[in-house]
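Top to bottom, those sequences are chains A and B. In case it helps, the working numbering puts the first sequence at residues 1 to 184. In case it helps, the working numbering puts the second sequence at residues 185 to 447.
Heads up, a few of these hints could be off.
[To be verified] 25 Å max Cα-Cα, derived BS3-like pairs, lysine-lysine:
#1 B:Lys188 with B:Lys214
#2 B:Lys222 with A:Lys172
#3 A:Lys172 with A:Lys136
#4 B:Lys188 with A:Lys148
[Claimed, not checked] Selected chain B positions facing chain A (Cβ under 8 Å, derived; list incomplete):
#5 Glu187
#6 Asp195
#7 Leu226
#8 Met236
#9 Phe249
#10 Leu253
No lab work stands behind these hints, which were simulated from the structure alone. Where is the CB? At the ideal position from N, CA and C, for every residue including glycine.
Okay, here's what each chain looks like letter by letter:
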Amino acid sequence: MQTLTDNVLMMKVKSGDLDKLGLLYERHKKKLFGFFYNMGNNPSLSEDLVQNVFVRILKYRQSFTGEGPFTAWMFSMARNVHYDHHKKVSREGVSRNVSPEQVDRGTGDYLNEAMDLQGDAHLLRRALGLLSAEKKEILLLSKYRELKFQEIGEILGCSEGAAKVRVHRALKDLKTIFLQLETR
Amino acid sequence: MEEKFEIWTMDYLCGNLSEGEAKEFETFLKERMEYREKYDELLKAWELLHTMQTPEPSGKMDDAFFSMLSSEMEKEQGRVPKQSFTSILSVFFRPQWVIGSFLLLIGLGFGYFLRPDVETIPRQTIAANNETEEVRQKLVLTLLDQPSANQRLQGVSEANKFENADDIVIKALLKTLNSDPNVNVRLAAIESLTNYVDKPEVRQGLVQSIPNQESPILQITLANLMVALQEKASIEPFKQLLKQKQLDTTVKKRIERSIESII
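Could you build the full structure based on these sequences and the hints that come with them?
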């Protein structure tokens, strides 16, 4: 059990003790990086987006009420950062990020595919890449056990039950795509 | 049913169910093979999702974050003294200002409602002025009757303070000018009377007093005054004065010049 909960730390950041953001960063950087990476961003862009999330957390720290868990608040910021970035990119008409899936797509005889251990992971990534952004997002959010369905619902703007149903269906779709890729 | 099952499965997978509820779900799966299969598929996908590996973020990300954080902290520190200064200001001054201005407003409000009628002020001052004029008049008259020349001088100087002397005071001053034994008192009376030369009785009184004056200094003062006033009525009294044998020669020349300049 962490002696200082995320919410306590964030409340300290809010009251001007910015130093505590470093602790929050250490606790959540991997999760956030994984979220952006698995959403289809390349590693260096994912790192930039993690940075953007923390810049936003600092900028909007006064809006943190401490009512919900910090992770839910953080992931809703992460979501906004992700969508804002892609909106900007599509507006500019330049695709600056190239996801690993996009790179691998069409290279059926990619070396890794031959190796059993890494094969599943690779297929899974490709399957995830083929899912819609909404489904990808809800699967990634549910992957982190800290977020309850109610909180996922809050992040996505739907009810708890709807969040469960969406995760369930996204999982089913993921499995279907995965099997299709496997049998190909 | 399908949706219920979907929710139920997710709760089971995430461990949101109590022990009893979990057992209930498990027996449900045993009884209903089609759901059992669905569940197994989903479990595989769930496990697959959790096997997903993500690469480690590079050290660059940490560097970028901590340099961003330290620059933000510097900015914040730069802001801190200002904030603390204003907070000190607000702590020390704000309540006082608020209370002070509140009391001031109350005071102004009370003052506004309790103010006396604008018209009463002049009325009262007029009344007060009248009263002091009366007192001063009495004082002047009393002082001019005193045997001491000093006190009579004081009386004349009091008479100078009238904004508009009435007839009684002017008569008293003229009487002093004509009959006071002291030259200085008479001189002071002339000075006092010059304030009212626009009154015909004053001019008349001054002219009539010319033959009565024996002191050269008074004669010269009156002559100068008459020249200044261009009082033609004074020529005759001056001519009478010139006939007096004991008249000082300087005064004589002075009066002659005065008569010339008046004519």
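Okay, the hints, checked on the actual structure:
no., hint, verdict
1, B:Lys188 with B:Lys214, "holds, 17 Å"
2, B:Lys222 with A:Lys172, "holds, 9 Å"
3, A:Lys172 with A:Lys136, "holds, 12 Å"
4, B:Lys188 with A:Lys148, "holds, 18 Å"
5, Glu187, "holds, 6 Å"
6, Asp195, "holds, 7 Å"
7, Leu226, "holds, 6 Å"
8, Met236, "holds, 6 Å"
9, Phe249, "holds, 6 Å"
10, Leu253, "holds, 6 Å"
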